[in-house]
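Residue numbers (the working numbering), protein chains in the order written: chain A, 354 to 504; chain B, 354 to 504.
There may be inaccurate statements among the hints.
If chains are identical, the list can't say which one is meant, so a pair holds when it fits in one copy or spans any two.
Here are the simulated DSS-like cross-link-like pairs (lysine-lysine), alpha carbons at most 27 Å apart as the crow flies [said to hold, decoys possible]:
{"id": "1", "residue 1": "495", "residue 2": "413"}
{"id": "2", "residue 1": "379", "residue 2": "413"}
{"id": "3", "residue 1": "379", "residue 2": "492"}
{"id": "4", "residue 1": "495", "residue 2": "458"}
{"id": "5", "residue 1": "379", "residue 2": "458"}
{"id": "6", "residue 1": "492", "residue 2": "458"}
{"id": "7", "residue 1": "391", "residue 2": "413"}
{"id": "8", "residue 1": "458", "residue 2": "446"}
{"id": "9", "residue 1": "415", "residue 2": "391"}
{"id": "10", "residue 1": "461", "residue 2": "391"}
{"id": "11", "residue 1": "391", "residue 2": "492"}
{"id": "12", "residue 1": "495", "residue 2": "391"}
{"id": "13", "residue 1": "413", "residue 2": "461"}
{"id": "14", "residue 1": "461", "residue 2": "379"}
{"id": "15", "residue 1": "415", "residue 2": "495"}
{"id": "16", "residue 1": "408", "residue 2": "391"}
{"id": "17", "residue 1": "408", "residue 2": "379"}
{"id": "18", "residue 1": "420", "residue 2": "408"}
{"id": "19", "residue 1": "446", "residue 2": "461"}
Source of the hints: derived by calculation from the structure; they are not laboratory data.
2 protein chains.
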Amino acid sequence: MGKGILGSSIVTQIGFIVRDVDASKKIFADFLGLEEPKSFWTGDIEQTQSVYRGKPCPAKAKLAFLKVGDQVDIELIQPDGQPSVWQEFLDEKGEGIQHIAFQIKDTKGKLHALGEIGMPTLQTGEYTGGRYSYVDGLKDLKVVIELLEND
Amino acid sequence: MGKGILGSSIVTQIGFIVRDVDASKKIFADFLGLEEPKSFWTGDIEQTQSVYRGKPCPAKAKLAFLKVGDQVDIELIQPDGQPSVWQEFLDEKGEGIQHIAFQIKDTKGKLHALGEIGMPTLQTGEYTGGRYSYVDGLKDLKVVIELLEND
Numbered sequence: 354m355g356k357g358i359l360g361s362s363i364v365t366q367i368g369f370i371v372r373d374v375d376a377s378k379k380i381f382a383d384f385l386g387l388e389e390p391k392s393f394w395t396g397d398i399e400q401t402q403s404v405y406r407g408k409p410c411p412a413k414a415k416l417a418f419l420k421v422g423d424q425v426d427i428e429l430i431q432p433d434g435q436p437s438v439w440q441e442f443l444d445e446k447g448e449g450i451q452h453i454a455f456q457i458k459d460t461k462g463k464l465h466a467l468g469e470i471g472m473p474t475l476q477t478g479e480y481t482g483g484r485y486s487y488v489d490g491l492k493d494l495k496v497v498i499e500l501l502e503n504d
Numbered sequence: 354m355g356k357g358i359l360g361s362s363i364v365t366q367i368g369f370i371v372r373d374v375d376a377s378k379k380i381f382a383d384f385l386g387l388e389e390p391k392s393f394w395t396g397d398i399e400q401t402q403s404v405y406r407g408k409p410c411p412a413k414a415k416l417a418f419l420k421v422g423d424q425v426d427i428e429l430i431q432p433d434g435q436p437s438v439w440q441e442f443l444d445e446k447g448e449g450i451q452h453i454a455f456q457i458k459d460t461k462g463k464l465h466a467l468g469e470i471g472m473p474t475l476q477t478g479e480y481t482g483g484r485y486s487y488v489d490g491l492k493d494l495k496v497v498i499e500l501l502e503n504d
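Next comes chain A alone, as it looks inside the complex:
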């Protein structure tokens, strides 16, 4: 296991897979006493250039974010039924926490280094202003890790 391999120890997201993001965002907002956030679908594959387990990934997710600390959001993620890291979690485990995320630099270098220590890349994609990667941390860290790199 690499020492401080991400260059960050700050968790910036707690990512939940849910079946109905619009229902869940209302429940979470009420529970937390927060304003109900907007939800939105991720982009087309032409924009996201998403890859899931080595193959082009046209899957989308409907997302909503709730601020649960100065540095950390709850992310609610509704898969669209097509193969993806999100749908895989829903099919295998049902609704619940799927990942924790960290802000990083040098996605390519980090993914290579993580692969070397037994944490292979599961899915990658671009979003406006940055890119995400999910890596398989289940063996050592008991959870999927998301890397977020903003330009």
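Given the coordinates of chain A, work out where chain B should sit on it, guided by the hints.
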């Protein structure tokens, strides 16, 4: 669902159930680039007055904490094999994220209010300087919620 029922929207813990807290705390510390934390067992039932699903709970857990934000820790929890909310999770789901926690006031009032909205109490106990409660948030929030009240 009550609106802002906890009086807090700040997540202060991400709680992982692990089989071997001493092995996991080294892996987490290395991964995060943090100093390896100490681990310790929770107290005897005479101290904790712990109750699990309505019955006195002599179960203990071995804990370690890693700081992953100004306001939030990762808590690693190793159950001891006796019946508890921790062992139940390990037996049913294996290792992984079991709870998120919030700091609250008035444990008794909060547990009553949560029960009224369909989130029953799973386990309670005292620790030096405060008390914890786990409530079943799985239906609405897809995760167990821990309330922490420090005196």
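Results of checking the hints against the structure:
no.	hint	result
1	495 - 413	both (25 Å within a copy, 21 Å between copies)
2	379 - 413	within (21 Å within a copy, 36 Å between copies)
3	379 - 492	between (33 Å within a copy, 14 Å between copies)
4	495 - 458	within (23 Å within a copy, 31 Å between copies)
5	379 - 458	between (33 Å within a copy, 24 Å between copies)
6	492 - 458	within (24 Å within a copy, 37 Å between copies)
7	391 - 413	within (16 Å within a copy, 42 Å between copies)
8	458 - 446	neither (31 Å within a copy, 33 Å between copies)
9	415 - 391	within (10 Å within a copy, 40 Å between copies)
10	461 - 391	neither (31 Å within a copy, 34 Å between copies)
11	391 - 492	between (34 Å within a copy, 22 Å between copies)
12	495 - 391	between (30 Å within a copy, 20 Å between copies)
13	413 - 461	within (23 Å within a copy, 43 Å between copies)
14	461 - 379	between (36 Å within a copy, 26 Å between copies)
15	415 - 495	both (25 Å within a copy, 17 Å between copies)
16	408 - 391	neither (30 Å within a copy, 43 Å between copies)
17	408 - 379	neither (34 Å within a copy, 34 Å between copies)
18	420 - 408	neither (33 Å within a copy, 36 Å between copies)
19	446 - 461	neither (29 Å within a copy, 33 Å between copies)
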